[in-house]
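Q: Residues per chain, in single letters:
Number of protein chains: 2
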Amino acid sequence: MFHKLTNLSFTTEIVNNCPLHLSLCSNKNYIFQELKKFNLMNTNKRNRVYIATSLDGYIADKNGGIEWLENVPNPENDDMGYEAFMTETDAIIMGRNTFETVCSFDIPWPYKIPVFVLSNTLNSIPNPYQEHVQLLRGKVKEALKQLHGKGINSLYIDGGKLIQSFLKEDLIDELIITTIPILLGEGIPLFSNLDKPLQFECLSSKKFTNSLSQNHYIRLR
Amino acid sequence: MFHKLTNLSFTTEIVNNCPLHLSLCSNKNYIFQELKKFNLMNTNKRNRVYIATSLDGYIADKNGGIEWLENVPNPENDDMGYEAFMTETDAIIMGRNTFETVCSFDIPWPYKIPVFVLSNTLNSIPNPYQEHVQLLRGKVKEALKQLHGKGINSLYIDGGKLIQSFLKEDLIDELIITTIPILLGEGIPLFSNLDKPLQFECLSSKKFTNSLSQNHYIRLR
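Here the protein sequences line up with chains A and B, keeping their order.
The opening position of the first sequence corresponds to residue 1378 in the numbering used here, with each subsequent residue numbered one higher.
The opening position of the second sequence corresponds to residue 1378 in the numbering used here, with each subsequent residue numbered one higher.
The hints are simulated quantities; they were obtained by calculation from the structure and are not laboratory data.
Incorrect hints may appear among the rest.
[Stated by the list, open to error] With a straight-line Cα cutoff of 20 Å, these simulated DMTMM-like cross-link-like pairs (lysine to aspartate or glutamate) come out:
{"#": "1", "chain 1": "A", "residue 1": "Lys1545", "chain 2": "B", "residue 2": "Glu1563"}
{"#": "2", "chain 1": "B", "residue 1": "Lys1584", "chain 2": "A", "residue 2": "Glu1578"}
{"#": "3", "chain 1": "A", "residue 1": "Lys1573", "chain 2": "B", "residue 2": "Asp1438"}
{"#": "4", "chain 1": "B", "residue 1": "Lys1573", "chain 2": "A", "residue 2": "Glu1460"}
{"#": "5", "chain 1": "A", "residue 1": "Lys1573", "chain 2": "B", "residue 2": "Glu1444"}
{"#": "6", "chain 1": "A", "residue 1": "Lys1545", "chain 2": "A", "residue 2": "Asp1572"}
{"#": "7", "chain 1": "A", "residue 1": "Lys1573", "chain 2": "B", "residue 2": "Glu1453"}
{"#": "8", "chain 1": "B", "residue 1": "Lys1545", "chain 2": "A", "residue 2": "Glu1563"}
{"#": "9", "chain 1": "A", "residue 1": "Lys1573", "chain 2": "B", "residue 2": "Glu1563"}
{"#": "10", "chain 1": "B", "residue 1": "Lys1573", "chain 2": "A", "residue 2": "Asp1438"}
{"#": "11", "chain 1": "B", "residue 1": "Lys1439", "chain 2": "A", "residue 2": "Glu1444"}
{"#": "12", "chain 1": "A", "residue 1": "Lys1545", "chain 2": "B", "residue 2": "Asp1438"}
{"#": "13", "chain 1": "B", "residue 1": "Lys1573", "chain 2": "A", "residue 2": "Glu1563"}
{"#": "14", "chain 1": "B", "residue 1": "Lys1583", "chain 2": "A", "residue 2": "Glu1578"}
{"#": "15", "chain 1": "B", "residue 1": "Lys1518", "chain 2": "B", "residue 2": "Glu1447"}
{"#": "16", "chain 1": "B", "residue 1": "Lys1573", "chain 2": "A", "residue 2": "Glu1444"}
{"#": "17", "chain 1": "A", "residue 1": "Lys1439", "chain 2": "B", "residue 2": "Asp1572"}
{"#": "18", "chain 1": "B", "residue 1": "Lys1545", "chain 2": "A", "residue 2": "Glu1447"}
{"#": "19", "chain 1": "B", "residue 1": "Lys1584", "chain 2": "B", "residue 2": "Glu1447"}
{"#": "20", "chain 1": "A", "residue 1": "Lys1584", "chain 2": "A", "residue 2": "Glu1447"}
{"#": "21", "chain 1": "A", "residue 1": "Lys1583", "chain 2": "B", "residue 2": "Asp1455"}
{"#": "22", "chain 1": "B", "residue 1": "Lys1583", "chain 2": "A", "residue 2": "Asp1455"}
{"#": "23", "chain 1": "A", "residue 1": "Lys1538", "chain 2": "B", "residue 2": "Glu1563"}
{"#": "24", "chain 1": "B", "residue 1": "Lys1538", "chain 2": "A", "residue 2": "Glu1563"}
{"#": "25", "chain 1": "A", "residue 1": "Lys1584", "chain 2": "B", "residue 2": "Glu1578"}
{"#": "26", "chain 1": "A", "residue 1": "Lys1583", "chain 2": "B", "residue 2": "Glu1578"}
Excised from the complex, chain A in its bound form (with noise of 0.2 Å):
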């Protein structure tokens, strides 16, 4: 739940300051000429995921609490590749307790695409989402479908549970992965069981504001 955290410095300097047209990183062409190489430019359906780690590979504690991603100093406010993350981004998907933890900031909606919560349990969006927020019900794959029937092709897959499902499906392409020089010794993991190893592609290892590593892999199929 990195981009939360993040985001929201992030959210509010873009209402303050108005930069519509954000930069993109330097990078961008050589990282647009990798994806090609991998054809998820053609396609243009992509699967993708951007969070944040303890070392030890926990995205909350054991109590899913998220303290220690505060504590990481920025003194220069790098935004690490998010909004150049997001400008390719048609819309997040998410699961339900990550819905209700942005929800529970008690901030202004921090997201300027479509999100959609994917959840069989949740009865509707509660108010004041619904103008942002739509709830998908059914499977992933289902629930992809219907996204790319729409034309909303390149996804932000966000949440943990949520990723992890769809590791299982085998359904991310890009996985960029921040982590946080921090041992929590115990807490929620990012990954989990597959049944089958799934083999990536390092494209770039980052090092950020002398504290954070990033590093941006991509599926090789």
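Starting from the known structure of chain A, fit chain B onto it as the hints suggest.
A: Just chain B, lined up with the frame of chain A:
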């Protein structure tokens, strides 16, 4: 157990080509400066880990297999900083499992520096390893005290269980983790439970051989 695979080819190469003075990595001075900043060079006592894991944090698959490590393309035989790391290391401490795995490789002894096996269950070091390997008894702190008493200060801590024991006692100063871009789904994890979170700093983040990322972390105390 990444090093045991990569080492073997490098060890063979060293024997064949006799490059006695291996060139160190280009950023050695920078790293030395950073280490000085953290006072690691002053005390000269440090416990370091150099290991590879899968993207989901496993050092071996569920059956202990490490074939997934062997499948990493490395056309230029990049040593990924291993020899530079070893030139700064006085000795290796490994657990019984790791020692027995190295023995099972059925190759000439691959290490040029002293190796200590910390085990309270192994009766003795078998032939023909006695000239290279010494047995240590007791707990982690006692073993460290013995080695420091002999002036052996810069240590390479190897093997999943031993690394976990060191981390539980907050005795690891540096972690150099090479990530193989594969999700195994299950296996033997590098990390385990801790009594308290441990904060590190990311010293460097690099990409090797178009498929591996290597992150170097230093414990913040």
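Q: All hints, please: hold or fail.
A: Structure-based check of all given hints:
1. Lys1545/A to Glu1563/B: Distance of about 12 Å is within 20 Å: holds.
2. Lys1584/B to Glu1578/A: Holds, at roughly 11 Å.
3. Lys1573/A to Asp1438/B: holds (12 Å)
4. Lys1573/B to Glu1460/A: violated (34 Å)
5. Lys1573/A to Glu1444/B: holds (15 Å)
6. Lys1545/A to Asp1572/A: Roughly 7 Å separates the two Cα atoms, so the pair holds.
7. Lys1573/A to Glu1453/B: violated (30 Å)
8. Lys1545/B to Glu1563/A: It holds: about 12 Å lies between the C-alpha atoms, which stays within 20 Å.
9. Lys1573/A to Glu1563/B: Distance ~9 Å between Lys1573/A and Glu1563/B Cα, so the pair holds.
10. Lys1573/B to Asp1438/A: holds (11 Å)
11. Lys1439/B to Glu1444/A: Violated, because 33 Å separates the two Cα atoms, which is more than 20 Å.
12. Lys1545/A to Asp1438/B: Measuring from Cα to Cα gives roughly 17 Å; hence the hint holds.
13. Lys1573/B to Glu1563/A: It holds: about 9 Å lies between the C-alpha atoms, which stays within 20 Å.
14. Lys1583/B to Glu1578/A: Holds, at about 14 Å.
15. Lys1518/B to Glu1447/B: Cα-Cα ~34 Å, so violated.
16. Lys1573/B to Glu1444/A: Answer holds: Lys1573/B to Glu1444/A is near 15 Å, not above 20 Å.
17. Lys1439/A to Asp1572/B: At roughly 13 Å apart (the allowed maximum being 20 Å), Asp1572/B and Lys1439/A satisfy the hint.
18. Lys1545/B to Glu1447/A: Measuring from Cα to Cα gives roughly 24 Å; hence the hint is violated.
19. Lys1584/B to Glu1447/B: The hint holds at about 18 Å.
20. Lys1584/A to Glu1447/A: Judged against 20 Å, a Cα distance of about 18 Å means the pair holds.
21. Lys1583/A to Asp1455/B: holds (19 Å)
22. Lys1583/B to Asp1455/A: holds (19 Å)
23. Lys1538/A to Glu1563/B: holds (16 Å)
24. Lys1538/B to Glu1563/A: With a Cα-Cα distance of about 16 Å, the restraint between Lys1538/B and Glu1563/A holds, given a limit of 20 Å.
25. Lys1584/A to Glu1578/B: Holds, at roughly 11 Å.
26. Lys1583/A to Glu1578/B: holds (14 Å)
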